[in-house]
Every structure is written in structure tokens, then in C-alpha cells.
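Protein chains in written order, with this note's numbering: chain A, 24 to 331; chain B, 1034 to 1377.
Be careful, since some hints might not be right.
[Said to hold, decoys possible] If you want a taste of the chain B side facing chain A, the calculated C-beta under 7 Å gives, among others:
#1 Ile1103
#2 Ala1104
#3 Ala1187
#4 Tyr1312
#5 Arg1368
If you're looking for bench data, these hints aren't it; they were derived computationally from the structure. C-beta atoms are modelled at their ideal positions from N, C-alpha and C, and glycine is treated no differently.
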Amino acid sequence: MNGTAWRAYAANALSGGGWLLLPALVLLAFALAVPKLPVTRDAYDHVVIFDVSQSMNVEDYQLDGAPVSRLAFAKHAVAEALKNPRCDTRIGWGVFAGRKIVMLLAPVEVCRNYSALLAALDNIDGRMAFERSSEIQEGLFWTLLNVRDLKPTPSVVFMTDGHEAPPLPPQRVRGYDGQLGEVRGWVVGVGTLEPRPIPKTDPDGKRIGFWRATEVLQYGGAIDGTSHEHLSELREDHLKLLAKTVGFGYTRLVSPASLDAAFHDRALAHPAKVETDLRWIPGGLALLLLAWRFRPDGLRRRRASAAR
Amino acid sequence: MSLFGGSAPALDLALDFAQPWALLLLPLALLPLLRHRAEELTFSSLPWLPQDRVGRWVERVGRAAAVLAIASIVLALAEPGRPEWDVPRIGRGAEIVVLFDSSLSMDDEMVAKGQHPKRRRDSPLRKRNIAREALSRLVERRPADRYSLLMFGAAPFRVTPFSQSPEVIQAGIAAAGISNGLPGTDLGRGLVAAISQFDGRAYSGSRVILLVSDGAAEIDDTTRAIIRDGMARNRIALDWIYLRSVNWPRLDSEKEPEAVGLIKDVAMHRFFKTLPTTYKVFEAESPDGVNQAVAEIERQQNLPLEYLERVPRRDFTHVFYWLAIVACTVLLGHRALTVRSFAA
């Protein structure tokens, strides 16, 4: 076969819209050659700190029609919020009791470790309360101090009902002596505004009734009706004040979606190079070309006169 | 190349799509089957044409190639793959529950007897940091091992159950380094919790509780009995990395201990020796000592271990792009060989 014949075959192949196949082939080859490209995106490093004190056992949330505790709902909400197909978040857990925190897991990438992260989250419960008291202000300050030991410094999502035990007189709310903005994050208020009795548990987590008014330290000492430390509700004003003191945002946990404000707060994002699969771009363009090539007659411009 | 992964032992055809919504575009593949006016040839009388079976097949090949090209691109966009799966393997290693003492004293530096230990967060001599680094290296070097991590103070902290993910264990070890010391040292409850990690788990080889502690814990008799039973029932060996104070007598020395702290440590040691399963103590009084202890454990815990290796999701997208390229090439060849217009 000589050159002229080849040229005739090629011309035949490319005529009548056939040439569209050439760019389609190039695009497909491109998709194969470059599977992943590093793209700079917003990424998040969070440490979620759960208050595990006894007031978190108050059951003022509903899940599937059954009452669940504040802690259980907080865990559920976090697990739901992690079902995020964009692999842009690293997350770790810690618990708070007394006036300190214990870090359980430093942040790890969510997509690869989803099931292991959930298994670890599942272990968090009231038995981890290593102190009976719950000094939230101190706990928050300690958190800010501790997470700075992690590199890179993560942002903090602090989940608590704001119930200080022993109660904190207003004048004891102190200023934060660290540098504002060095650690950023959110305080998430867990609970409802209606005061409810606090279940009492033994060290093994078994329920042994409820705390009575005479068993807990009441603010001001006496029970004159103004103090009800044996009942617990979400102390939102206190938490808002604390959040403001350390430069955090505040949001109330109503549904798992409430966490989105915290988990995807652009102010907490840091740019990270993420290996991103971009094959869909050349692939999609190739598809477009082919679909155009075989588009139904209805979409073709009438060129009947030219053909005749 | 095999479409479903040639090395897979059982040809399990499980497929999933990372972007399943793209499959909605699949009807586009029907476009080439529509009759297009541009493909029609004008001929004066159809009955004059002979039956052309070859021609009809050529026509079908062309349409099939076009359908295949579009369908494969759509499938590629949906990013098909084989979901992650477990392959049973036999390696050398152990199932290790790391039981990490997180009491306040672990924040002390390792110092010689008589010196007052300092409690500095960033000190390289801080027991917590030394132990953490040694553990981290252990996990890194032994991919066949399965780890579970617990911390204990006054109460046990189940950080992670047995995990497939070395990344998560490392994150737990890293977190153990920055945590605050916990009040109390209830080793008894810690051990009971560590033993319970093996409950209901199929026996697959070697089981170890790796206790990392500077001692000074007391265990009451009831708990001792529970521990003894549990260790026997679940056939668990105990390795204790004992971060002892420099210059203290060894645990096995003949002399009865005098120092208050040492009395507790020797009592722990003597109780562990009564356990029905293997017990070894690795006494370390310096970062080097801890490293040697870990190296020794590495050498010893090398029995055959059945384990499931989690093979990550395997992406087949490229296969479908290849298919699309082949189909487009066939389509071009087909077009080269067919007459579509008498005018050209």
C-alpha cells in the first residue's frame, strides 16, 4: 500500500466528525498517564476533646426514638460528621475530666483510618473520668497548653455541657494568659437548656441512681432555690464566655450537622498538598466529545440544503 | 492484565464505585445505536443491493466499538475498584497489648538514686518520652504484629482495640507522650482490662501484654486471682519493661528491699513470677536500656502468627480508560475502512 492510499484511508476516517476521536484519544491517554496530581487544598487537623464527667450522662438527646446521653450523642455526631468523602481531615481524640485532659489519639487521616478511629471513639465513656470534679475552664486552658506539643498544632473541638463541678463563682472566671489565636478551635455546647437530674455512676460505669441536692456542692453553700448543681442543663452563657476568653467559636450541638461549622471552619484550615485524582477532567472531556459525535439528529443543525 | 487482579487468591468479583453517581451517565452509551441521517447513503433502489452479511457485521463492530468507548469512559468516571479486603497470612510476630503506665511518676526523669527527679515536659530523659519513642520504633519495625493500646492511672483507658492500622497505634503512642499524668496507679484494673482485650478473639499464635511501667503499684488479692485466671484462660505472656531508678538494686537481688518504692516493685515482680504463663522483666535505667529491652522483646516474640492482612482498595479505573482507548482506535480503523458517502 502506498502513501496516497494511507492518506485516503486517514482522510476517510477523520471525515464527517471522525476527527473528534483524535482529541478524545489524546485526553484518554492523558488520563492514563497522569493519575494523580498534588493540589493545594484546605485541610484540617482537629483534636476533639470529650467532657466525660458525670453530667454528660444526662439523657437529654434522642437517637432513633430512644433517649441517649450527652456523651453518646456527642460521639454519634462526631462519627457522622466524619463520613466526609473528601480526605481533607485528620482527627484525634482526647477526654477531659477534673481539670486536665488525656490525649488518646493524635490526629490521623480520616479516610484511611475510619474504622480504627471509630473503634477508638467507641471506647470513650464515663469510666474514663479520672477525676470526680469537672473544672471546665481549667480543662480548656490545659487543652490549649497540651495540644501545642503536637506537631503541627491541631485545632481543638471541645465538647462539653459547661457544668462546672464544683460550681464556679462568677468572679473566678479568669483571663487566659496564653497568646490568643495560637491554638484555634470551637467550644461545642452539648445538652439542652432544661435542667435534669444527673445519673450517678460507680467507677465501673454502673448506674446507681441520681445525684441528690444534698450530695453535691451547691453554689453559695445553701439550697435557696437559686442553686441547683444536682441538676444539669447546657450552661450556654458560661461556655460562650469561655470560648470568647480563648478566642474560640461557640456552637450548640443540635444535630450532627451542627458540627460542620466547627469541623469545616475555614479559619481553622491550613493549606495542604493533597494528591488528588484529576482523571475525571480529561475523562469527562473525552466523554463529552464522543457524546457530541454521536448526538441524536434532533440536536444537529439542519444542513440539509448543503448536503443536497 | 487481569481485570480483577490476577494475584487475588479467590476470584472474588466484589466491585464498588468510588463515584457511583457517574453511572447515571451510562445511557449515553446508547447514543451510537440511534440511526443518524449523516450515516445514510442515498441509493436509487434498495432491492438492487445484494445481501451483504459481511457488511452488516462490519457495521455492528463499528457501533459496538462506539458503545464500548462511551460506556468505558462512564465506568472509568465512576472509578470502579475492589473494596479493601483481608487476606489470611502467616507471619512472624505477636498480638501485643501495650499497657502504658500513665501515672504522674512517668513524667519524672530517669535519674540516679539520691538525685531528685525533675518533672519537665520537654526533657529527653522523661520516662514517658523514652518509653514512647522505644514503643514507636517497635511498632514501626514489626508490621506483622497486631497492637492494642491501653493506658492506666487510677483507671484503665482503652485507647484502641486491636487495630489493623499502624498509623492509629502510632497516633496513640504519640498521644501518650503529651498527655498529663493520671492520678493513681491501679495496675490491677489495668491488667484486667488488658486481658479482656483478648476475650472472644480467636487464638492465632503468640499473645503478649507489654507492660511499660516504673512500678510502684499494688494489686490486691482478689484482683491477683482474676489476673491469674485471665492470663491462663487467654494464654497470655507478660513482658514488663521496668523503668527503674538508676542504681536501685535489681528486682531479683537477694536482699529484702528497704526503700518504700522498691518494696512495691519487688512485690509486683514476685506476683508476676507466680503467673501460670511466661513472664519476663526487662529492667531499664536509661534510654539505652529501654532500647535494649525493646530489641530483646523483638527477638523473642517471633513465633508464627496467623493474621489477616488488610489489602487496601484496588482501583481499576485505568483498565477502563485503556478499554476506551482501544475502542476509540477500533472506531477510527472502522471509519477508515467504510464508505459513508458517495460524494467524498
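Hints, one by one, checked against the model:
1. Ile1103: holds (5 Å)
2. Ala1104: violated (10 Å)
3. Ala1187: Result: holds, 6 Å to nearest chain A Cβ.
4. Tyr1312: Check failed: Cβ of Tyr1312(B) comes no nearer than 27 Å to chain A, outside 7 Å.
5. Arg1368: At 4 Å from the nearest chain A Cβ, Arg1368(B) passes the 7 Å test, so the hint holds.
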